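A.B. asks: Sequence:
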Amino acid sequence: MPQIMNVTIEVRLSADTKVFLESCLKTLRSSLDDDMVEDNMEMLKRIVKWKERKRMKFKDGSMKVDLLSASAILHVYRKVRHSNKLKMMKLMNSTKSDFSELARFAIRKVNME
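The numbering of the sequence shown is numbering that gives the first Met the number 0, which starts it at 0 and goes up by one.
Simulated from the structure, these hints should not be mistaken for lab results.
Cβ pair distances, simulated, as ranges:
id, residue 1, residue 2, range
1, 89, 49, 24 to 30 Å
2, 18, 40, 32 to 38 Å
3, 15, 54, 41 to 47 Å
4, 14, 51, 47 to 53 Å
5, 96, 47, 20 to 26 Å
6, 85, 56, 18 to 24 Å
Owing to the predicted nature of the structure, the values given are computational and were not obtained by experimental measurement. All C-beta atoms in this analysis are idealised placements derived from N, C-alpha and C, irrespective of residue type, glycine included.
With the hints as extra help, turn the sequences into a complete structure.
C.D. replies: What follows is the structure, encoded as structure tokens:
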């Protein structure tokens with residue numbers, strides 16, 4: 000996960016340069032936010048690999064995910080076609096309620112096999 004460092008530098012800039020730098024910072028912050036949310040797949044793999052419960056971040060907060068949910072989601076993810084993988088990734092990285100719905104669905108499908 001990327002670490003963000005706060006650095007303060009005092010420099011005299013023109014107005015155009017300030018506007019340009021502010022837009023660059025806004026773009027950088029939004030891409031970092033996307034990166035922080037989109038590593039939930041890696042977190043699920045880590046949960047299964049180390050057989051433990053971990054806290055995952057979502058757009059509306061965070062929650063702990065157990066081994067059963069993580070392994071069921073990964074199992075179903077490996078079996079579905081690409082278009083459904085994209086839908087699963089979207090649910091996995093959105094809100095806690097969407098992730099819970101995805102986990103319930105995956106557990107039902109794994110239990111049916």
